[in-house]
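Protein sequences, first through last, are from chains V and E.
Numbering-wise, the first sequence is residues 1 to 320 according to the UniProt record's numbering.
Numbering-wise, the second sequence is residues 1 to 131 according to the UniProt record's numbering.
Everything labelled a hint here was simulated from the structure, so no lab data went into it.
The structure displayed is predicted, hence computed values, not measured ones.
Facing chain V, according to a computed beta carbon distance under 10 Å, are these residues of chain E, among others:
(1) 26
(2) 34
(3) 49
(4) 51
(5) 111
(6) 115
(7) 118
The following label-pair restraints were derived from C-beta to C-beta distances:
(8) E/90 to V/307: 29 to 37 Å
(9) E/89 to V/231: 44 to 52 Å
(10) V/230 to E/121: 54 to 62 Å
(11) V/147 to E/122: 55 to 63 Å
(12) E/90 to V/272: 25 to 33 Å
(13) V/212 to E/121: 46 to 54 Å
Even glycine gets a Cβ: it sits at the ideal position worked out from N, Cα and C.
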Amino acid sequence: MSNDEEAIHKIIDLETLDKFLTKMDNSENNSYISEIPEVCKEYPCCLGIDEAGRGPVLGPMVYGTAFCPINEAGLLATLNCADSKTLNEKTRDITFEDICKNSDKIGWAVDVISPNTICNSMYSRSKYSLNQVSMDAAIGLIKAAIKAGVNIEHIFVDTVGPAEKYQKYLHSIFPKYKVTVAAKADSTYPIVSAASICAKVVRDHALDAWQFKEGNNSDFKAFGSGYPGDPVTKKFLAENCDMVFGFPQLVRFSWSTSEKILQEQAYHVEWEEIDEDEKATKASEKTTSITSFFKVTEKKTVKPIHNFFSQRCLSRNVEL
Amino acid sequence: MAIHIQNNIRTNYEVRNQLHSIPCKIHADCDAPVSKFFIPSINKDGVMKASFRGYPLIGTEVKIPEGYRGVVLHETVRPATETEERKFYIINSFDKFNYWNWGKAASKNDSLIKAMEWIEIAEALHTPIQE
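Same shape as in the complex, but just chain V (with noise of 0.2 Å):
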């Protein structure tokens, strides 16, 4: 990549957060990592990581993170982000700009899995839970910061489930580094309150530059927060499914509320059983009733094709 390039691709505010998001593939992931401050290769950092966006049907999940001195962790009280919960979409957005304002000593970065990619792993073959992608992007950007040359010295995780299994497995992967994993870590450590806004900040700017590639844009109508609760998503979700195909990218499939929606509009589809049910279904049909000794009927023996046919789901139809 020419240096032009990355000039365009750095997001130093909303505006630049903006082009960044228009811009991505909306069918995979996308991350981004800001600059890393001088004073963070140096310095003994703290580095938070938060989630947004795990429970809507619409748009991608977000993991974010933030990073600075652990000497300077009081600037992050001064920027409000004491804690991200109590701030509306408007102070979060100023807020995520004077992070990058001061951008000589927080660095942030972004994972954005798409809503693809989120129904892809939990339809796939060998499930991959929504937990699963959840730890894997939160130890992909801490890897990420490592590898750009961030001090970690403690690591600060806002958790969904079990606090202390999780720690316990995030310190084996980083046992260099001191691991809190909390819940409702983003109100009481700053660090995650930072990384908190980031993801959220993306998130809703990412909802709002939505590319769909099932039409223009303006093809679709509003389609509100994207929780399942909201008439708007509700709304937007009955209207855009498609009878064969179902919905656009944007939206999560594997989610209940989706799978309700396709169940009652759109044709159904049958997949291919996974391999253990399969047996025992023919099993079952291959075993003959006990009535059947009392049945008069006449025997009708049909010689079998060979494995070699069968195998290949090829059968005789007509005779020559």
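Let chain V serve as the given structure and place chain E on it in line with the hints.
Structure of chain E alone, referenced to chain V:
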């Protein structure tokens, strides 16, 4: 029961649209906005990927063996009984298609990939021996 297949298209008919075989049964027989919703991509490792109803699909291009053509048949009137004669019309033909598997690459474990082997074996078996 006899089956008639009638060819009423030009022999050199070129199919411009991509043809896809997907690993599920859609309980419908209708037109579908394929190019709008089914957007295959090739990742940096050269793997062809797509998604259908949120399911991850991995694709392989299957070429019809030389000397053969794939055809799309259409039956205007469905027979009422099993013994009736059936009439099909060739409405399209193709020389390759994308074969999609759910979450794994196509391999010799797949019936369709294996079925293609029969063509060669059938030729070996049924070609008259020339002395």
